[in-house]
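Trainee: So the sequence lines, in the order shown, correspond to chains A and B.
Residues in the first sequence are numbered consecutively from 4, following my numbering.
Residues in the second sequence are numbered consecutively from 4, following my numbering.
Just so you know, these hints were derived from the structure itself, not from any lab.
Please read these numbers as outputs of a predicted model, since none were measured by experiment.
The reader is advised that the hints may include incorrect statements.
[Stated by the list, open to error] Heads up, simulated DSBU-like pairs for lysine-lysine below, C-alpha to C-alpha not over 35 Å straight-line: (1) A/124 with B/202; (2) A/58 with A/93; (3) B/124 with A/202; (4) A/23 with B/277; (5) A/202 with B/172; (6) A/277 with A/33; (7) A/116 with B/33; (8) B/50 with B/143; (9) A/33 with A/124; (10) B/124 with A/277; (11) A/33 with B/116; (12) A/116 with B/202; (13) A/263 with B/116; (14) B/263 with A/116; (15) B/33 with A/202; (16) A/124 with B/263; (17) A/277 with A/50.
[To be verified] From the structure, some residues in chain B lie toward chain A, with a derived Cβ separation under 8 Å: (18) 115; (19) 155; (20) 161; (21) 165; (22) 234.
Each residue gets a CB set at the ideal place from its N, CA and C atoms; glycine is no exception.
Residues per chain, in single letters:
Protein chains: 2
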Amino acid sequence: MTEKNQPELSKLCVHSITTKPWSLTESVEKFQAAGVAGISVWQDAAKAIGLKEAKTLLANSDLDVVSYVRGGFFPHANLEHRQKAIDNNKQLIDEAAEIGAPLLVLVCGAEPKQLLSESRKQIQEGIEAILPYAESNNIKLGIEPLHPMYADTRSAIVNMAQANDMAEKIAHDLVGVVIDVYHLWWDDQLESEIQRCGKHDNIFAFHTCDWNVPTTDMLRDRGLMGEGAIPARQIREWVEAAGFNGCIEVEIFSNHFWSKDQDEYLMQIIEAYKNYA
Amino acid sequence: MTEKNQPELSKLCVHSITTKPWSLTESVEKFQAAGVAGISVWQDAAKAIGLKEAKTLLANSDLDVVSYVRGGFFPHANLEHRQKAIDNNKQLIDEAAEIGAPLLVLVCGAEPKQLLSESRKQIQEGIEAILPYAESNNIKLGIEPLHPMYADTRSAIVNMAQANDMAEKIAHDLVGVVIDVYHLWWDDQLESEIQRCGKHDNIFAFHTCDWNVPTTDMLRDRGLMGEGAIPARQIREWVEAAGFNGCIEVEIFSNHFWSKDQDEYLMQIIEAYKNYA
Numbered sequence: 004m005t006e007k008n009q010p011e012l013s014k015l016c017v018h019s020i021t022t023k024p025w026s027l028t029e030s031v032e033k034f035q036a037a038g039v040a041g042i043s044v045w046q047d048a049a050k051a052i053g054l055k056e057a058k059t060l061l062a063n064s065d066l067d068v069v070s071y072v073r074g075g076f077f078p079h080a081n082l083e084h085r086q087k088a089i090d091n092n093k094q095l096i097d098e099a100a101e102i103g104a105p106l107l108v109l110v111c112g113a114e115p116k117q118l119l120s121e122s123r124k125q126i127q128e129g130i131e132a133i134l135p136y137a138e139s140n141n142i143k144l145g146i147e148p149l150h151p152m153y154a155d156t157r158s159a160i161v162n163m164a165q166a167n168d169m170a171e172k173i174a175h176d177l178v179g180v181v182i183d184v185y186h187l188w189w190d191d192q193l194e195s196e197i198q199r200c201g202k203h204d205n206i207f208a209f210h211t212c213d214w215n216v217p218t219t220d221m222l223r224d225r226g227l228m229g230e231g232a233i234p235a236r237q238i239r240e241w242v243e244a245a246g247f248n249g250c251i252e253v254e255i256f257s258n259h260f261w262s263k264d265q266d267e268y269l270m271q272i273i274e275a276y277k278n279y280a
Numbered sequence: 004m005t006e007k008n009q010p011e012l013s014k015l016c017v018h019s020i021t022t023k024p025w026s027l028t029e030s031v032e033k034f035q036a037a038g039v040a041g042i043s044v045w046q047d048a049a050k051a052i053g054l055k056e057a058k059t060l061l062a063n064s065d066l067d068v069v070s071y072v073r074g075g076f077f078p079h080a081n082l083e084h085r086q087k088a089i090d091n092n093k094q095l096i097d098e099a100a101e102i103g104a105p106l107l108v109l110v111c112g113a114e115p116k117q118l119l120s121e122s123r124k125q126i127q128e129g130i131e132a133i134l135p136y137a138e139s140n141n142i143k144l145g146i147e148p149l150h151p152m153y154a155d156t157r158s159a160i161v162n163m164a165q166a167n168d169m170a171e172k173i174a175h176d177l178v179g180v181v182i183d184v185y186h187l188w189w190d191d192q193l194e195s196e197i198q199r200c201g202k203h204d205n206i207f208a209f210h211t212c213d214w215n216v217p218t219t220d221m222l223r224d225r226g227l228m229g230e231g232a233i234p235a236r237q238i239r240e241w242v243e244a245a246g247f248n249g250c251i252e253v254e255i256f257s258n259h260f261w262s263k264d265q266d267e268y269l270m271q272i273i274e275a276y277k278n279y280a
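Construct the complete structure from the given sequences, taking the supplied hints into account.
Mentor: Put into structure tokens, the structure is as follows:
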């Protein structure tokens with residue numbers, strides 16, 4: 004624990020999936036020892052050790068539990084599947100509450116058989132359907148716009164403007180937006196939409212990483228900050244200028260990094276965070 | 004030539020790269036025999052048989068030569084490379100003129116070392132630099148916005164709004180926009196930006212295909228119309244409602260289809276065109 008309380012790292016959060024080869028137990032130990040301030044917990048990591056064990060582990064650590072990842076996937080061509088998605092999201096709210104995460108990140112979903120506008124309508128209906136349950140558990144819901152390359156099945160919400168629109172339409176303290184540089188860096192409206200999001204107190208979380216040049220896999224080839232095309236620090240500055248004061252979350256899916264020594268990788272994450280995030 | 008002059012196919016154009024295993028000579032013969040109305044010629048296909056041979060081949064066919072593909076790639080971190088890109092585009096204008104193509108499609112480029120806004124500035128400078136040369140050769144220049152997943156190196160212009168902005172700023176009869184459903188289907192401003200483009204007489208070309216679900220390769224896994232998530236016919240209707248009266252160009256990069264019998268594939272293209280384009 005020699006590195007604990009490095010002031011430079013006081014806002015650094017790492018997602019459990021970033022160091023996927025580690026169990027949640029290992030991630031918690033290693034992150035804490037390295038001076039990382041927070042963790043966002045993916046469902047698979049929590050379930051692999053059991054939710055009760057995860058709860059105890061996190062409660063006994065010094066790490067802030069920043070979010071639980073991930074709910075959403077509301078749109079479907081048939082009603083029965085949409086209802087199942089709502090039930091599943093309630094379950095995820097329970098899990099978030101159990102492990103002590105204040106925020107459930109929503110990857111909102113898309114149904115390729117229907118128009119994106121119809122999917123967005125179903126997303127709004129889904130969020131509104133789970134909102135009373137989120138309220139009674141005091142769990143925030145973060146709409147995460149995804150890169151347009153995921154518009155077929157993962158998210159009909161593809162930019163900040165759409166996420167802002169939806170959060171403002173639902174207009175509830177527990178509903179806001181999760182900003183991820185990977186999904187949004189290409190958008191020339193990003194700075195102004197971040198400002199808008201901040202004005203409505205809707206910036207709930209901030210995720211960072213980089214876009215590899217070239218990118219060899221649409222899902223699992225994200226880079227460390229500073230390695231690619233994304234001006235990650237500039238986007239962080241916009242988010243903080245808009246009033247966000249929370250953790251900077253490193254969320255990297257990478258077959259490359261997952262194949263490496265995870266202790267060394269964690270040190271690389273910390274260096275990249277200090278220099279480029 | 005039994006299928007020639009099928010009225011249903013009077014607007015169907017196929018890109019030479021769509022049937023990449025065929026030489027340009029084979030493509031021209033086969034397209035014409037199948038009743039296809041037009042062809043867009045990729046540089047590699049023309050150069051493989053020689054530009055003079057390509058010119059004669061196309062002049063002697065009944066196919067409309069719709070466009071020459073592709074110029075652009077203007078942004079670079081250093082000036083010398085930007086000048087080389089300008090020279091290269093002039094060469095491409097010569098080649099388009101030689102084979103009788105009225106339009107050079109521009110994949111505008113991006114430089115990951117700099118902001119997208121800087122790359123867009125360099126794109127505009129590049130187009131303005133080649134415009135007198137395009138004018139003297141009477142070759143139109145079509146700005147093609149590309150999907151944001153290509154924003155790192157292929158195009159800093161990632162939606163119709165940016166393409167419209169640039170075409171309207173340059174404000175020249177020879178500069179317009181190439182609309183491709185693959186790149187733009189996710190954009191909720193697409194219909195209104197198509198209308199805007201039409202009002203300025205800036206719709207120079209229309210490309211169609213589909214987005215496979217899932218997509219397994221970021222470059223070479225496009226689908227036939229009707230196979231995936233894109234409402235291709237709806238977008239065509241928007242384009243035609245905005246005044247476009249030109250060919251519907253099928254542009255598909257696909258390792259899958261390139262590995263198949265190209266005669267059968269061409270029949271599939273025609274069926275997909277009739278039913279879904």
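Trainee: A separate judgement is required for each hint: does it hold in the structure or not?
Mentor: Status of each hint after checking the structure:
1. With a C-alpha separation of about 30 Å, the suggested pair residue 124 of chain A and residue 202 of chain B falls inside the 35 Å cut-off, and the hint holds.
2. With a CA separation close to 18 Å, the supplied pair residue 58 of chain A and residue 93 of chain A stays within the 35 Å bound.
3. A distance of roughly 30 Å separates the Cα atoms of residue 124 of chain B and residue 202 of chain A; the hinted pair therefore holds under the 35 Å criterion.
4. Among the hinted pairs, residue 23 of chain A with residue 277 of chain B is inconsistent with the structure: their alpha-carbon atoms are about 47 Å apart, more than 35 Å.
5. Only pairs whose Cα atoms come within 35 Å are accepted, and residue 202 of chain A paired with residue 172 of chain B is accepted, the gap being roughly 32 Å.
6. In summary, the hint linking residue 277 of chain A to residue 33 of chain A is supported, as the alpha carbons are separated by about 18 Å, within the 35 Å threshold.
7. Among the hinted pairs, residue 116 of chain A with residue 33 of chain B is consistent with the structure: their alpha-carbon atoms are about 33 Å apart, no more than 35 Å.
8. Pair hint residue 50 of chain B plus residue 143 of chain B holds up; C-alpha atoms about 21 Å apart against a cutoff of 35 Å.
9. Distance hint between residue 33 of chain A and residue 124 of chain A is unfulfilled; the C-alpha atoms sit about 42 Å from each other, more than 35 Å.
10. For the hint linking residue 124 of chain B to residue 277 of chain A, the alpha-carbon distance of about 31 Å falls within 35 Å, and the restraint holds.
11. For the given pair, residue 33 of chain A sits about 33 Å from residue 116 of chain B by alpha-carbon distance, which is consistent with the 35 Å threshold.
12. Of the supplied pair hints, the one linking residue 116 of chain A and residue 202 of chain B holds, its CA atoms being roughly 31 Å apart against a limit of 35 Å.
13. This hinted pair checks out: residue 263 of chain A and residue 116 of chain B have alpha carbons roughly 27 Å apart, not beyond 35 Å.
14. Restraint check: the Cα-Cα separation between residue 263 of chain B and residue 116 of chain A comes to about 27 Å, which is no more than 35 Å; the hinted pair holds.
15. For the hint linking residue 33 of chain B to residue 202 of chain A, the alpha-carbon distance of about 59 Å lies beyond 35 Å, and the restraint is violated.
16. For the hint linking residue 124 of chain A to residue 263 of chain B, the alpha-carbon distance of about 40 Å lies beyond 35 Å, and the restraint is violated.
17. Under the criterion of a C-alpha separation no larger than 35 Å, the hint pairing residue 277 of chain A with residue 50 of chain A is consistent with the structure, at around 31 Å.
18. Below 8 Å, beta-carbon pairs count as interface contacts, and residue 115 of chain B has one with chain A at about 4 Å; its hint therefore holds.
19. Hint on residue 155 of chain B holds. Least Cβ distance to chain A is approximately 4 Å, under the 8 Å limit.
20. A cut of 8 Å between beta carbons decides the hint on residue 161 of chain B: the least distance to chain A is about 5 Å, and the hint holds.
21. Given the 8 Å rule on beta carbons, the hint for residue 165 of chain B holds: about 7 Å separates it from the nearest Cβ of chain A.
22. At a threshold of 8 Å, the smallest CB-CB gap from residue 234 of chain B to chain A is about 6 Å, leaving the interface hint in force.
Of the numbered hints stated above, those contradicted by the structure are hints 4, 9, 15 and 16, listed in ascending order.
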